[in-house]
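Chemist: Here is what each chain is made of, one letter per residue.
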Amino acid sequence: MTHNTPTTKAPSQDSAAPRNTPTEIISSVAILAAIVLILRASLSFLKNPDGPSNLFASFYDLVGAGGSAEAIRASGLSPITNKLIIAVVAIAVGIAGVWALFIAANRVIDLFSPRWAERLRPFLFVGPAVALLGFFLVYPAINTISTSITDDGGAIENYKFALTDPDMLVAFRNNILWLVLGTGGSVLIGLIIAQLVDRVKREALAKTFIFLPMAISMVGASVVWGFVYEWKPPGQPQIGVLNAGLDAVGRDPIAWLQTAPLNTLALIVIMVWLQTGFAMVILSAAIKGVPGEILEAARIDGANEFQIFRRVIVPSIKGSVITVATTIFVAILKVFDIVFVTTGGKFDTEVIANRMFAEMFKFRNFGRASALAVVLLVVVTPIMVLNVRNLRRQGIGA
Amino acid sequence: MASITMTKLGKIYPDGTRAVGDVDLEIVDGEFLVLVGPSGCGKSTILRMIAGLEEISEGEMYIGETLVNDVQPKDRDIAMVFQNYALYPHMTVYDNMAFGLKLRKMDKADIDRRVKEAAAVLEITEFLDRKPKALSGGQRQRVAMGRAIVREPKAFLMDEPLSNLDAKLRVQMRTELSELHHRLKTTTVYVTHDQIEAMTLGHRVAVLKPVTAARPDNLSQVASPGELYSNPVNMFVAGFIGSPAMNMVNATLEQDATGLYAKFAGLRLLVDQVAIDRHPGLVERLGEQLVLGIRPGNFEAEAITGPAPDRTITATVTVAEMLGYETFVHFELEQPPVVTPDIEELLADTGADVSSLGDTTKFTARVTSDVPVSLGQELTVTVDTTKLHFFDPATGLRVGTAV
Numbered sequence: 158m159t160h161n162t163p164t165t166k167a168p169s170q171d172s173a174a175p176r177n178t179p180t181e182i183i184s185s186v187a188i189l190a191a192i193v194l195i196l197r198a199s200l201s202f203l204k205n206p207d208g209p210s211n212l213f214a215s216f217y218d219l220v221g222a223g224g225s226a227e228a229i230r231a232s233g234l235s236p237i238t239n240k241l242i243i244a245v246v247a248i249a250v251g252i253a254g255v256w257a258l259f260i261a262a263n264r265v266i267d268l269f270s271p272r273w274a275e276r277l278r279p280f281l282f283v284g285p286a287v288a289l290l291g292f293f294l295v296y297p298a299i300n301t302i303s304t305s306i307t308d309d310g311g312a313i314e315n316y317k318f319a320l321t322d323p324d325m326l327v328a329f330r331n332n333i334l335w336l337v338l339g340t341g342g343s344v345l346i347g348l349i350i351a352q353l354v355d356r357v358k359r360e361a362l363a364k365t366f367i368f369l370p371m372a373i374s375m376v377g378a379s380v381v382w383g384f385v386y387e388w389k390p391p392g393q394p395q396i397g398v399l400n401a402g403l404d405a406v407g408r409d410p411i412a413w414l415q416t417a418p419l420n421t422l423a424l425i426v427i428m429v430w431l432q433t434g435f436a437m438v439i440l441s442a443a444i445k446g447v448p449g450e451i452l453e454a455a456r457i458d459g460a461n462e463f464q465i466f467r468r469v470i471v472p473s474i475k476g477s478v479i480t481v482a483t484t485i486f487v488a489i490l491k492v493f494d495i496v497f498v499t500t501g502g503k504f505d506t507e508v509i510a511n512r513m514f515a516e517m518f519k520f521r522n523f524g525r526a527s528a529l530a531v532v533l534l535v536v537v538t539p540i541m542v543l544n545v546r547n548l549r550r551q552g553i554g555a
Numbered sequence: 003m004a005s006i007t008m009t010k011l012g013k014i015y016p017d018g019t020r021a022v023g024d025v026d027l028e029i030v031d032g033e034f035l036v037l038v039g040p041s042g043c044g045k046s047t048i049l050r051m052i053a054g055l056e057e058i059s060e061g062e063m064y065i066g067e068t069l070v071n072d073v074q075p076k077d078r079d080i081a082m083v084f085q086n087y088a089l090y091p092h093m094t095v096y097d098n099m100a101f102g103l104k105l106r107k108m109d110k111a112d113i114d115r116r117v118k119e120a121a122a123v124l125e126i127t128e129f130l131d132r133k134p135k136a137l138s139g140g141q142r143q144r145v146a147m148g149r150a151i152v153r154e155p156k157a158f159l160m161d162e163p164l165s166n167l168d169a170k171l172r173v174q175m176r177t178e179l180s181e182l183h184h185r186l187k188t189t190t191v192y193v194t195h196d197q198i199e200a201m202t203l204g205h206r207v208a209v210l211k212p213v214t215a216a217r218p219d220n221l222s223q224v225a226s227p228g229e230l231y232s233n234p235v236n237m238f239v240a241g242f243i244g245s246p247a248m249n250m251v252n253a254t255l256e257q258d259a260t261g262l263y264a265k266f267a268g269l270r271l272l273v274d275q276v277a278i279d280r281h282p283g284l285v286e287r288l289g290e291q292l293v294l295g296i297r298p299g300n301f302e303a304e305a306i307t308g309p310a311p312d313r314t315i316t317a318t319v320t321v322a323e324m325l326g327y328e329t330f331v332h333f334e335l336e337q338p339p340v341v342t343p344d345i346e347e348l349l350a351d352t353g354a355d356v357s358s359l360g361d362t363t364k365f366t367a368r369v370t371s372d373v374p375v376s377l378g379q380e381l382t383v384t385v386d387t388t389k390l391h392f393f394d395p396a397t398g399l400r401v402g403t404a405v
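Chains as they are written, first to last, in this note's numbering: chain A, 158 to 555; chain B, 3 to 405.
Do not rely on the hints blindly, as some may be mistaken.
[Said to hold, decoys possible] Here are the simulated SDA-like cross-link-like pairs (lysine to any residue), alpha carbons at most 25 Å apart as the crow flies: (1) B:133 x A:548; (2) A:358 x B:57; (3) A:445 x B:56; (4) B:135 x A:358; (5) B:133 x A:466; (6) A:445 x B:17.
Hints in this document: simulated from the structure, not taken from any laboratory.
Bear in mind that the values here come from a model prediction, so they are computed numbers and not experimental data.
My request is simple: use the sequences and hints to build the entire structure.
Modeler: In structure tokens, the structure reads:
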């Protein structure tokens, strides 16, 4: 749509002041109004399940085939035809309608003096996006905040629970463990692998294997790792890889997922396994971007390979490391699936998001759940700000 | 400080391409040696082999008395200045210079003293706290130089360090480099494709040419700049050194009672005894086709020199370039151009090929601008026949050089 602007905008910039004849004004506004009306009509058409059959009926009436019109009114169209027609109309309205709306609205803006036109135009183009964001993002956020204040025991009760309840303190402790070990582990291992694969002949193949877990959903990964950690009482055959290993060397099996704090660490390993590939791919690209001459200069300056890595490569890719770390940090802050699938938050493995889910959908404590959501939001926000700023500095984001 | 010795040095890449072959070179302690040649001649490869960044496929390399074939770059105690400076972008100028010393666990106070001294010499003291990206090209170049100096290494290796600077700065830095070397007296190997840099900086200059299947060695001549200019050992060196390039024409020798003459394009030049002495065995090549080389600077307008029978060329001026203090006069002689492998290589370096030569021999003469020269006029120039050069077209070698 935007590429149409220059052509429509052009007249307003180079034409002289008295350029808006009354006909022009009226026609521009009329076209816009007409398009708005057409779009409204199409929307109500899309809302009405009988829309397509009514359309056909009116069409038959128009051409004088009254019998066919009655038949369609009575029996309706087959559901598939009905849906297809609705889909086609929806696509047409969605693309052509919006396009026409933009053009028409742009023409109306052209009626203003150039100074005002250029002030108003951004709102026309950004407006729809802002409206959508507002509706789907800002409104729910505000709603959540208001629920957390009004529902259940009110603001004080809800936030007191969120911040001081013993269960919540465990969840906070675990979340901090997750954040530190999960983020640190993923970034560190990703960084080391990225540097190591740089020297491997079949680099692409090696990277693919490390990256593969990224393609697995958290639930899938949790199920897989659930088997790895599987525990059977001593004496029974061990089906979990780890305990089978212990069994083979004659040791008692360990209940990986039932023993705190071992279980939280075991769950963090799943997350690291999932995120390392992501960290590796980004950091590997960054490492390749470090100019070879700088590495050669360091080599001649007397640095060994480890010193080059630590004192030249890592500082050079600091921006990418921060981006990767904050991205993983935010993903881990919201960790839910892994805990939900493996332990359900039992055995001291609770995390904030899992508790939020439980409060919301098990215990129906909307206020408490909302308070937890707000707490998460407050914690994530500064990280997101940092991340966006970092991306902007690297020229990735605008 | 140390000498650098290469014996039968060669480099073959894993895909079988040979980049360097049969290089015997001894760089004495404190010398400023320039490796010069067209692109692809292996000069940077040799430098990188000295640095240890490129593995040595053949031959031996000594720094001082130590065989360094299998010594890591970090243990060779040499410093290198790269074409793109290769400064560490995340470090300040100070840290860039101090990095190598810190790695060597040198005392903090000593590091500080060395860095500040070098910064003072290079006049970059005020930038010590800045990051490289806040510096201009010339300043970055100085930092790169400083990083090398503080190390007080056995040798400096410089890989076209001035080629990223603009022309004016390049001339200035060239002079400063010369002064710097005079002060530090550290063995320096300097790679460039710019023959003016080579001639002005080098105590000795090694002229290299690309390795070919027929001649798998790339060292053409190693000599002082003056020697390279006045006694080039082959047509490649003769054509590469000197700007504008040496004029070359196919000529035959004939002898009569009055002396030895070089005949070409219907002209006869009397070969001076000095030139004959400089080419042992020249008189035995009577009647053979040789290549005669005359440097543009060895011409002068007849109006200035006065009549000089048997030493003049008269031709129509095709281009006259006025430089103020002198004029480059271009003219063409009715004689097919000289085409030998050496000439083809020289042409390839400028991106041209033999077909661009046409079917005449083009000459350039440098004459004083006191004589007005205009396009299309007939001009007679006198040749300094003591400074004629004769080459064997088959081998490309100077007549009288042992093969």
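Chemist: Next pair to validate is residue 445 of chain A with residue 17 of chain B; report whether the Cα-Cα distance is within 25 Å.
Modeler: Roughly 23 Å between the alpha carbons, so the hint for residue 445 of chain A and residue 17 of chain B holds.
Chemist: For the pair supplied as a hint, residue 133 of chain B and residue 548 of chain A, is the alpha-carbon distance within the 25 Å limit?
Modeler: holds (21 Å)
Chemist: Is residue 358 of chain A within 25 Å of residue 57 of chain B, Cα to Cα?
Modeler: holds (19 Å)
Chemist: Hinted pair, alpha-carbon criterion (25 Å max): residue 135 of chain B, residue 358 of chain A. Please report holds or violated.
Modeler: violated (34 Å)
Chemist: Under the criterion that the straight-line Cα-Cα distance not exceed 25 Å, is the pair residue 133 of chain B, residue 466 of chain A satisfied?
Modeler: Satisfied, since the Cα-Cα distance of roughly 20 Å is no more than 25 Å.
Chemist: Can the restraint linking residue 445 of chain A and residue 56 of chain B be considered satisfied, given a maximum Cα separation of 25 Å?
Modeler: OK: residue 445 of chain A and residue 56 of chain B at ~20 Å, within 25 Å.
Comparing the model with each earlier hint shows a violation of hint 4 alone; every other hint is respected.
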